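A.B. asks: Each chain is listed here by its residues.
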Amino acid sequence: MTTSDEPELAQETAELVRPYVITNGRDLLDDSDFSLITLVTMHREPPRTKPLDPEKLRLLELCAGGFLSVAEIAGHMQLPVGVVKILVSDLTAEGHLSTRAPIPSAQLVDRQILEEVLNGLQARFG
Amino acid sequence: MGSRLDLDDSVYLRSSVQTAAKILVVGHFAVGKTTFIGTMSEIPPLRTEEVMTQAGAGIDDPKGAPGKTTTTVAMDFGRLTLSEKLVLYLFGTPGQQRFVQVWEDLSRGALGALVLVDPERLEESFPVMDLVEHYGIPYTIAVNQFDGTPSHSLEEIREALDLLPETPVVNCDARDQRSSADSLIVLVRYLQSRLN
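Residue numbers (the UniProt record's numbering), protein chains in the order written: chain B, 1 to 126; chain P, 1 to 196.
Isolated chain B (complex conformation):
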């Protein structure tokens, strides 16, 4: 078992520059409606007359191909999740993205979802 692929040793940095620039200085502690597994896709192309920020444009371009989760967007764009949530939140409010919410919470997990997960695992790997 190699240890090189274990990512969790934290990197300490004295200050954070880039994400704040990308979000125009907005707070990263965003406890919004968007979770790691909110599914996102492009809803409407941005008008050419009103250019978007480069990072927003890059995110929209990524989402033009189909649905991805917020976590996948962060992974592909190599941006922190908190930054991606803010960008997604803005782009959704502006009408460029549409989202599918994840299942609400562990308390509301119903039999049906567990049943579907079990059936899916068994069909794929059983």
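By construction, these hints were calculated from the structure, which means they are not laboratory data. Hints are supplied without guarantee of correctness; some may be wrong.
Chain P regions said to be covered by chain B (calculated; three or more residues, Cβ under 8 Å) [to be verified]: (1) 156-170; (2) 173-182; (3) 185-194.
Non-contacting residues of chain P with respect to chain B, defined by C-beta distances greater than 10 Å in every case (computed) [claimed, not checked]: (4) GLU49; (5) GLU50; (6) ASP105; (7) HIS134; (8) SER151; (9) SER153.
Remember, predicted model here, so these are calculated numbers, not experimental data. Where is the CB? At the ideal position from N, CA and C, for every residue including glycine.
Put chain P on the given structure of chain B with help from the hints.
C.D. replies: Coordinates of chain P only, in the frame set by chain B:
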């Protein structure tokens, strides 16, 4: 449009997918979380970062304190499309207590957790089990079999980890897809049993 990310269509979900579910794969450093996720994921595993703010040592009030630093916590995750409508995400989750902020986000909406343990280093699993229990996430213990490890019985491991009688304990080879899938199936069956 800007610098193009070179992605083919297989990175995207089927457009029919309506629901996303999440299972955490947790455990101490180097226990095999990343291997497990790589074994199970239909896409090359991705890595995300959460940025956490931490107070500098000896500072009581972190709000706006000059000694404030940020810490980047990386998580690996993978994806499994399980039906036309359902996708499951597996998040590898660091087990250290100092990452509680990340746990708030990760635990929200998680169906359950698979706790990977190394039979030779069981005591290193205690902090992560405390976290899982603190957040009320139902879990199954998967004993990752490393090469050349003397075998401990699952019963011995159950006793050493002081588990509730109903908590499942299974053997798992994180490099093997069938074995890894079986441990997820045991977890999901356990989650179902808790609803009855």
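A.B. asks: State for each hint whether it applies.
C.D. replies: Verification of the hints:
| no. | hint | result |
| --- | --- | --- |
| 1 | 156-170 | violated (count 0) |
| 2 | 173-182 | holds (count 4) |
| 3 | 185-194 | holds (count 5) |
| 4 | GLU49 | violated (5 Å) |
| 5 | GLU50 | violated (5 Å) |
| 6 | ASP105 | violated (7 Å) |
| 7 | HIS134 | holds (14 Å) |
| 8 | SER151 | holds (17 Å) |
| 9 | SER153 | holds (22 Å) |
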